[in-house]
Amino acid sequence: MHTVKLWASTTALCLGLVGAAFAPAALAQKKVVNVYNWSDYIDPKVLEAFTKETGVKVNYDVYDSQEVLEAKLTAGKSGYDVVGPTAQPFLARQVAAGLYQPLDKSKLKNLGNLDPEILKAMEKADPNNAHAIPWMWGTNGIGYNVGKVKTIAADAPVYSMKMILDPDTVAKFKACGVMVLDAPTDVFPTVLQYLGLPPDSKSLADLDKATDALLKVRPFIRKFHSSEYINGLANGDICVAFGYSGDIIQASTRAAESKRGVTVNYSIPSEGAQLWVDTLAIPKSAPNPDLAHAILDHLMKPSVVAASSDLTGYANGNKASTTLVSDAVRTNPGIYPPAEVRARLFTITPADKEFERARTRAWTRVKTGR
Amino acid sequence: MNRRPVALFTFLGLGYAFLYGPILSVIFYSFNENRLVTVWSGFSTKWYGELFRNERMIEAAITSLKIAAMSATGAVVLGTLAGYCLARMPSFWGRTLFAGLVSAPLVMPEVITGLASLLLFVGLEQMIGWPDGRGVDTITIAHITFTLSFVAVIVQARLKDMDQSIEEAAMDLGARPWQVFYLITLPLILPALVSGWLLAFTISLDDLVITSFVSGPGSTTLPMMIFSKVRLGVSPEINALATLIVGIVTTGILISGMLLLRQNREKERSAREAAGG
Numbered sequence: 001m002h003t004v005k006l007w008a009s010t011t012a013l014c015l016g017l018v019g020a021a022f023a024p025a026a027l028a029q030k031k032v033v034n035v036y037n038w039s040d041y042i043d044p045k046v047l048e049a050f051t052k053e054t055g056v057k058v059n060y061d062v063y064d065s066q067e068v069l070e071a072k073l074t075a076g077k078s079g080y081d082v083v084g085p086t087a088q089p090f091l092a093r094q095v096a097a098g099l100y101q102p103l104d105k106s107k108l109k110n111l112g113n114l115d116p117e118i119l120k121a122m123e124k125a126d127p128n129n130a131h132a133i134p135w136m137w138g139t140n141g142i143g144y145n146v147g148k149v150k151t152i153a154a155d156a157p158v159y160s161m162k163m164i165l166d167p168d169t170v171a172k173f174k175a176c177g178v179m180v181l182d183a184p185t186d187v188f189p190t191v192l193q194y195l196g197l198p199p200d201s202k203s204l205a206d207l208d209k210a211t212d213a214l215l216k217v218r219p220f221i222r223k224f225h226s227s228e229y230i231n232g233l234a235n236g237d238i239c240v241a242f243g244y245s246g247d248i249i250q251a252s253t254r255a256a257e258s259k260r261g262v263t264v265n266y267s268i269p270s271e272g273a274q275l276w277v278d279t280l281a282i283p284k285s286a287p288n289p290d291l292a293h294a295i296l297d298h299l300m301k302p303s304v305v306a307a308s309s310d311l312t313g314y315a316n317g318n319k320a321s322t323t324l325v326s327d328a329v330r331t332n333p334g335i336y337p338p339a340e341v342r343a344r345l346f347t348i349t350p351a352d353k354e355f356e357r358a359r360t361r362a363w364t365r366v367k368t369g370r
Numbered sequence: 371m372n373r374r375p376v377a378l379f380t381f382l383g384l385g386y387a388f389l390y391g392p393i394l395s396v397i398f399y400s401f402n403e404n405r406l407v408t409v410w411s412g413f414s415t416k417w418y419g420e421l422f423r424n425e426r427m428i429e430a431a432i433t434s435l436k437i438a439a440m441s442a443t444g445a446v447v448l449g450t451l452a453g454y455c456l457a458r459m460p461s462f463w464g465r466t467l468f469a470g471l472v473s474a475p476l477v478m479p480e481v482i483t484g485l486a487s488l489l490l491f492v493g494l495e496q497m498i499g500w501p502d503g504r505g506v507d508t509i510t511i512a513h514i515t516f517t518l519s520f521v522a523v524i525v526q527a528r529l530k531d532m533d534q535s536i537e538e539a540a541m542d543l544g545a546r547p548w549q550v551f552y553l554i555t556l557p558l559i560l561p562a563l564v565s566g567w568l569l570a571f572t573i574s575l576d577d578l579v580i581t582s583f584v585s586g587p588g589s590t591t592l593p594m595m596i597f598s599k600v601r602l603g604v605s606p607e608i609n610a611l612a613t614l615i616v617g618i619v620t621t622g623i624l625i626s627g628m629l630l631l632r633q634n635r636e637k638e639r640s641a642r643e644a645a646g647g
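Chains as they are written, first to last, in the working numbering: chain A, 1 to 370; chain B, 371 to 647.
Hints listed in this document are in silico derivations from the structure and should not be mistaken for laboratory results. Take the hints with a grain of salt, since some may be wrong.
Partner residues are not named here, just some residues of chain A that face chain B (Cβ under 8 angstroms, in silico) [claimed, not checked]: (1) Trp38; (2) Val62; (3) Lys77; (4) Gly147; (5) Tyr159; (6) Ala205; (7) Asp208; (8) Gln250; (9) Gly261; (10) Phe346.
Distance condition first, Cα-Cα at most 25 angstroms in a straight line; then the derived BS3-like pairs of lysine-lysine [stated by the list, open to error]: (11) A/Lys124 to A/Lys202; (12) B/Lys599 to A/Lys223; (13) A/Lys30 to B/Lys436.
All figures in this text were calculated on a predicted structure; none of them were measured in a lab. Even glycine gets a Cβ: it sits at the ideal position worked out from N, Cα and C.
Same shape as in the complex, but just chain A (with noise of 0.2 angstroms):
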């Protein structure tokens, strides 16, 4: 009798701890599909959407760091169906490792809605673009703070590199605050481009003009950030900075929003300005390819595209969205350039190791000013 007792429990147990541990399995059965992307990249509505007409649940998690996500990728069997990695150098050199499978065009319908220009961007990364999409778009360029660079110099060249690299025009900054990227990769391809070297020059002495070039202008420049001229243009601390448009038309709109008069406006230097694209991948060890598929061309749908331009600020790589966005980002130059600026766009490729090498410690003799 007690046995029997004892028997049934362990039975009632054993099948109670199976059924806990195949419940979870049943929920999984529900389809998702995992987006790994900057925090607000895309429109959660968007994804809203996506899961309202095809039941696919969506993941989306965020990096801080294309370092975090390269890092998780080449660890292997990452788990996320769509990343975002930024054409260069990233989807490059993880293009070149054979981190990400073809894409299978007869899947993508909307393909055709994509920006040809911008494609051709890409394929210095992704050569015939068999492996990305493109998202958002954007430059290099100078940000002002609109009042005090007028009071200072009202005849200041807002629409040229001399602003940074002119020692005579910069000098007159220094006082109000100038900062410059921390990213020899974003900064020098634009110094060579204003000097009138081919800014993907791989040659040792451009490398060396261009950093005596920085050199010069070194005493004036407050400090190299990648992210605090944000706050320093909004909050009118500093005069002008080089950075990426996208950075800038924040401080632009956050300066608006607060109300304290500070006016901060982005330009594309007319020398011609470096072009970073934000892409859309899948990884090789995706779990479902079949969902990425689909939430991919979902993606290049020109409403969804827009809306996320919308929330970003950023130009999109989508063309037959550009009548959606609305009007203060479509019309905004410095987001969406006239075709004479977007002429003179150019991007760069990767370098091999020891130009690498010698660009950072360029850099490092550029920050140090020695």
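Position chain B relative to chain A; hints supplied.
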């Protein structure tokens, strides 16, 4: 004559201002109407409203709190065992090595711990199929491994302070070793366990580096979320969320402090009674 206390109180005030000034400014600015985090333009609670509408942020906060609670609990259990061994067993084979290994995570750079954990999980997955992908459970395991050393150090210190004759007396009176542990040792080191738990909880809550390495789909924690927001702009919702978390943590610490205070008073009273009677 009277000048010394004034100077002392000034330094005390400065010390507290140094510690709590930043936290107070976060609370202050969470009621700021302005979108710029550091520019005051009027009182408003709108960011609290925004925060509660921001599902992703709330979800990340809940994930973080869940991981912190689980890993703090795990770390207290394992850390107590380790601390007890180190304090109560004077010599066993490999003791120095064990002591070194327990405290190694305290001085190990987080990047190394993070990468090592990631490689371990990937390797395990290839060998035995577990863990199947990474997520909340792998983050919790990684957090336990590095927070348990903090708990072990605290518990060990507390045990060293403790009068061992109490345990010996209990054993003299016929208590078995496990009875001694549960009835005598554990209640006496309880304050250390509570502070160890809180410390582990806090460390786990704001860890970014290790978490970034071992996280997987569906396990974005609050620090990851906040750092990711830098790309497109941090909004004052974060101030509101920080204020709420400070509120919760303060309440927790106040309650545990009050309980400990009461316990100490009772202990003193019974000691007095024992001495008097």
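Here is how each hint holds up against the structure:
no. : hint                 : result
1   : Trp38                : 5 angstroms, holds
2   : Val62                : 4 angstroms, holds
3   : Lys77                : 7 angstroms, holds
4   : Gly147               : 16 angstroms, violated
5   : Tyr159               : 25 angstroms, violated
6   : Ala205               : 36 angstroms, violated
7   : Asp208               : 33 angstroms, violated
8   : Gln250               : 5 angstroms, holds
9   : Gly261               : 12 angstroms, violated
10  : Phe346               : 23 angstroms, violated
11  : A/Lys124 to A/Lys202 : 15 angstroms, holds
12  : B/Lys599 to A/Lys223 : 22 angstroms, holds
13  : A/Lys30 to B/Lys436  : 23 angstroms, holds
Of the numbered hints listed earlier, those contradicted by the structure are 4, 5, 6, 7, 9, 10.
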